[in-house]
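Whenever a hint applies, use it, and build me the whole structure from the sequences.
The residues making up each chain are set out below.
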Amino acid sequence: MNVLAVIPAYNEEACLEDTVAHLKDACPDVDLLVINDGSRDRTEDICRSNGYPHLTMPVNCGLACGFQTGMRYALEHGYDAVVQFDADGQHLPEYIPAMASHIAQGADIVIASRVLAGEGPVGARGIGSALISWLIKITTGTRITDPTSGMRMFGRDLIGIYAASFDLAPEPDAVALFARKGRRIVEIPARMRERQGGTSYFDMANIIRYMSRTCLSILLFQWFR
Amino acid sequence: MSGALRILLIIGAAVTFLIVVGRVRKEMIQIEDSVFWIVLAAVLVLCAVFPGIPTFFSNLLGFMSASNFVFLAVIAILLVKEFSNSAEISKLKHKVDLLAQSIALHEETTGDLRVGQRD
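Line by line, the protein sequences give chains A and B. One point on numbering: in my numbering, the residue at position 180 of the first sequence is 180, and numbering is uninterrupted. For my numbering, add 225 to where a residue sits in the second sequence, where the first one is 1.
The hints are simulated quantities; they were obtained by calculation from the structure and are not laboratory data. Keep in mind that the hints are not guaranteed to be accurate.
[Unchecked claim] DSS-like mimics (lysine-lysine), calculated; alpha carbons at most 30 Å apart, straight line:
(1) Lys251/B <-> Lys318/B
(2) Lys316/B <-> Lys251/B
(3) Lys181/A <-> Lys251/B
(4) Lys320/B <-> Lys251/B
(5) Lys137/A <-> Lys251/B
(6) Lys251/B <-> Lys306/B
[Unchecked claim] Distance windows between CB atoms, simulated:
(7) Val122/A <-> Ser290/B: 41 to 51 Å
(8) Gly197/A <-> Lys320/B: 25 to 35 Å
(9) His331/B <-> Gly182/A: 39 to 49 Å
(10) Ala301/B <-> Pro97/A: 54 to 64 Å
(11) Asp25/A <-> Leu304/B: 48 to 58 Å
(12) Ala325/B <-> Val122/A: 15 to 25 Å
Ideal Cβ positions, reconstructed from N, Cα and C, are used throughout, including at glycine.
Dropping the structure here:
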């Protein structure tokens, strides 16, 4: 089972090294690919000096575009699964083998769920996540406990679909769409850490944009896709 | 607000909605960019179904009639949208420039074009 960890990185000089070191240590069999999404800090230098396999976008093009680049790479190189892995140290690589075994058993998407690990909804993020979870439940009948978890693994079929897609982000609305299309989605309990450095792109304007896009996509547009 | 205007608003909103959904289905607009139009259509329907809303703002701001307020509000919203489109296009133009430059610089460094410079 060839697994590729796609690590989108935009201005992640503060924690990229620790994240990659931890990943290599915990999962020596997993290949990694850093997608440097037009960072303006030392992210590129760090990738080069450490010899990380990486692709550098000449301009910042956003998470969805960067992730699609990783999916195209995975498709071209024949990987069986791709795990979306944050550069900021939130995700623990120890869960990757368990996720990969579910893919091997036929799952299309495996989500590392904080909720299944007993973490209740915390603050504004928890409320948003619970709302999205409820929307997915009423529109698709599938219960996704942690739709906003950024640690997701995708199987071969979905690698191809993402690689060729027009408007498919590695986000909850895509999970809803695939659930409705009958794809097998599995969640495993997983702890996560706080971001280990750098800053989140989730300011107020981005939260509104994210929530309006996600909710509208799940409630309305998934019926036409 | 006249009955005719209310019906027109609803028709306009319905047409907008159908066009946007059609374009999303045909993969000609991204969902992120369609949010504005769906919300606008919803607001138009809201104003048509509950004319009390535009009437309230119209009285508050001292307009002659609610219709005048609706016209001005729609023009103002579209102007703001038009400006943000201009800003977005500027950003995209700059990105295309940077991409073209990156490709050109990359080709130069791969050595294919240096032949003519060697003596």
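Checked hints:
no.	hint	in the structure
1	Lys251/B <-> Lys318/B	holds, 25 Å
2	Lys316/B <-> Lys251/B	holds, 26 Å
3	Lys181/A <-> Lys251/B	holds, 18 Å
4	Lys320/B <-> Lys251/B	holds, 26 Å
5	Lys137/A <-> Lys251/B	holds, 26 Å
6	Lys251/B <-> Lys306/B	holds, 23 Å
7	Val122/A <-> Ser290/B: 41 to 51 Å	holds, 49 Å
8	Gly197/A <-> Lys320/B: 25 to 35 Å	holds, 28 Å
9	His331/B <-> Gly182/A: 39 to 49 Å	holds, 43 Å
10	Ala301/B <-> Pro97/A: 54 to 64 Å	holds, 56 Å
11	Asp25/A <-> Leu304/B: 48 to 58 Å	holds, 56 Å
12	Ala325/B <-> Val122/A: 15 to 25 Å	violated, 45 Å
Going down the numbered hints, you'll see the structure goes against just number 12.
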